[in-house]
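Given the coordinates of chain P, assemble chain B onto it according to the supplied hints.
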Amino acid sequence: MDFKKVVFSSWAGKVVDNRGLEAEACAPVEELNLPLEYDSSRVKAFMGWDGFLVVDEKADVVDMAYAYAMEVQKLACGECAVGRIGISVIVETLGRLVRGEGREGDIELLQWVGKGMKDNAKCVLGQTAPVPILDSIEYYREAYLDLIKNKKAISASTYHVKIIAPCMEACPAHLDIPGYIELIRNQRQGASLDLIRQGVCLPGTLGRVCTAPCEEACKRNDIDGPLAIRALKRHVADWEMEVGQIPPVSISGERGEKVAVIGAGPAGLAAGYNLALTGYQVTIFEELPVAGGMAAVGIPSYRLPEAILDREVDIVRGVGVEIRFNVRVGRDITIADLWKDGYKAIFVAVGAHKGRAMGVEGEDKGYEGFVDGVKFLRDVNLGKKIVPVGRVVVVGGGDVAVDCARSCLRLGFKDVNILYRRSRVEMPAREGEIEGAIEEGVKISYLVAPTRILAEGTKLVGLECVKMKLGEPDASGRRRPVPIEGSEFVVNADMVIAAIGQEADLSCLAGEDNVKVSKYGTVDADPETCQSSEKGIFSAGDCVTGPAILIEAVAAGNRAALSIDQYLREGGAVSGAGASRVGRSAALAAQREKESTISRAPQPVGCLPVVERIPGFPEVEVGLTREAAQEEAKRCLRCYRVMLWQAGE
Amino acid sequence: MVELIIDGQKVEVAEGATVLEAAGKLNIDIPTLCYHENLTPFGACRVCAVEVVVDGVSNLTTACDCPVEQGMEVRTVSERALEARMLAVELLLAKCPGSEAIRSLARDMGIEEPRVELETEECILCGLCVRTCQELVGVGALRLVDRGLNRDVKETFVEASTDKCIGCGSCAYICPTSFIKLEETGNTRTVWDRVFKLKKCQVCGNYWAPEAQLEYIRKTCNLPSDFFDVCPNCK
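From first to last, the protein sequence lines stand for chains P and B.
Just so you know, we're using this note's numbering here: the first sequence kicks off at 1 and counts up by one.
Just so you know, we're using this note's numbering here: the second sequence kicks off at 1001 and counts up by one.
Pulled out of the complex, with its shape left as it was, chain P reads as follows (with noise of 0.2 angstroms):
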């Protein structure tokens, strides 16, 4: 982003004030990491939470601060007298400014109020929303006093609005979180998950299983802890399935196009749901006899009821979208007999359920005791009989690897064990899965990776490994790990489950050689678009970003939905949405003379005890009560941000 020449920017309270100046005069604004990736000559003018900015010194610095209190009292939720007195005084004082019906005292009158809410708001958008307005006032007072003056009424102009939360920007799916806290506070359960479902098809399952980008970013951090947005997912989703609701369905006209998706996993489930209520006719073709994707055969059900994700699945199906069992595409049915079927659109949505490689001498000889951690899983949850032998040891440190280890533990295992090739710090699972496999007596072995399978017959009976240090960070940003000369030793087992990462199977796409292929094995595919290289083929979720968390896979559904739907209308190429990329970039963290909070504990998620997991796969998480529920909603405190631009031809 582009701002080297504005004509006035109070942007984090860094005042540059380039008016009346000559071009080689004007000092650059360098490190301004403004919330907008539009060039500076695509717009004019700015004002969001932390100041406004100038570029085209026509534009009208008190029409945008008159739009810009509009938008923000759309968005005051009205519970405080401050803020919703506050907001109203400002739109109603700012309106007369803008119509010529100015007053001496308008503008004492602004700075009044304007303080006055930033003092003692109830929540972050009161307190911040006056901040570029008593800017404007102290910089460009001249335009107010000449508007209270001369009584000119000014044209008001266009402007875009966006509406941004730290929280909601992390999240891959954008869902409204605030929006969602706060109606659990004022107990509208149900108001609450229709919201949620407005983003995510999934609000139960995600509620258990995501990892929570939204928590990382959450204000209260700085504060006492962030707040507990999963656990309030997952109170909504279960309250609806005691209260036994079934959630409304409104589907918005009939498009008559047959839509072919392939996988129900979460990308699958998100793009089918979003397009039957679009309209279309849906056929999700899965190759197991379940849906879910990894989410049913990746998460074991400790975790992930099974009838939480079968609710949510027939759900999807409940909109009208087809799932159709049993059938491999590339085996039982091709792409090419799709397209003579008569679909429109065919979305590839397979995931990676192939479990990578170790690189490790006689992983490929098929001994008896070897296992792939992805299948491991999937045998778990399908319900195939596993015989527990004396030590099994699990290679990696991703969730794959920790579901395998305390599965293993449920289902009889003694002794179980994890080699990760780098330390604690660096290993990818969830904490909390970490923490539990620890607690119910799982021996996690840090720098250790196996280089040779030692077999006796074609039985395997134990590992060569060697001790690992840590090097320079790789690509990712981890340490390398690099081997210790002469440290190897042997670590003897009865089973070795390989979990070390999981790649895409791409044999659907067997014969289509105009659907290319990344060199990573990954299908070549718009991230924002999701489109391939070829027309009418859509790709996303795992199977395009190797693997990732479920979320970005819904998201990822929801946009090949969008792009599917705009292809099938216009034809041709889809164009991103521009507008989605606005926000990317902001430093949303930071607020001007924004004052600490009070601190207040969050309510706790808890756990089943230990000696309650074992044996059997009873679900660990406890959800919160009603009650904490509400407690844990009330600390939100609502960092909504206003982004108003008007911008250039």
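Hints are computed from structural coordinates only; laboratory data are not their basis.
No incorrect hints appear here.
EDC-like mimics (lysine to aspartate or glutamate), calculated; alpha carbons at most 20 angstroms apart, straight line: (1) P:Lys634 <-> B:Glu1037; (2) P:Lys74 <-> B:Glu1155; (3) P:Lys115 <-> B:Glu1083; (4) P:Lys162 <-> B:Asp1152; (5) P:Lys58 <-> P:Asp17; (6) P:Lys115 <-> B:Glu1051; (7) P:Lys115 <-> B:Glu1117; (8) P:Lys258 <-> P:Asp337; (9) P:Lys258 <-> P:Asp565; (10) P:Lys634 <-> B:Asp1065; (11) B:Lys1154 <-> P:Glu71; (12) B:Lys1164 <-> B:Asp1193; (13) P:Lys74 <-> B:Glu1121; (14) B:Lys1154 <-> P:Glu92; (15) P:Lys74 <-> B:Glu1119; (16) P:Lys74 <-> B:Asp1152.
Remember, it's a predicted structure, so these values are computed and weren't measured experimentally.
Positioned in the frame of chain P, the structure of chain B alone reads:
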């Protein structure tokens, strides 16, 4: 126990107490409007604003819902606290000049006429009715409907589920602006636009309470079906 300082005076209170409760222990009066000692605090009216210093950092916050912290320093009548409080009261006065509770607050603070003229409203969204119905009565027939993103609500309001309502009138009793109207005529009571039949005492013949309310109490307390056939005066 937690020790804090309010307006220069030390006070010790139990952990979990609020600044307002601690001030009360010292007989320091902080004006309130949406607060009630039997309800969870809401922080909506912003009238009880005080200045709080923790670790050298000064905050303005509402006393009713601010948990005490060891060593906290509170100033209830500092310039900043007073300015904030007066703004809150003045805005409320402009919005709801008919409320005696608000007029009384304004008088105490020396505010005569609000400097703005606004479209007046009778409900100030203090949430007392919502909290009373939820926490004291236990019925929860009232909820706040807020504005917000993706919500088509022009003005925030209190929504009544008339089918849940038992007609007890606690909300009308607690409302500081008389926005909630309760009318009784002979054998009926009307509140939230729903007409409730009143129960007639079998002894004196007076209509004394809504049947719906009595039925709710009877069921909740597991009382026999004829428990309320005779009014308390005649029992």
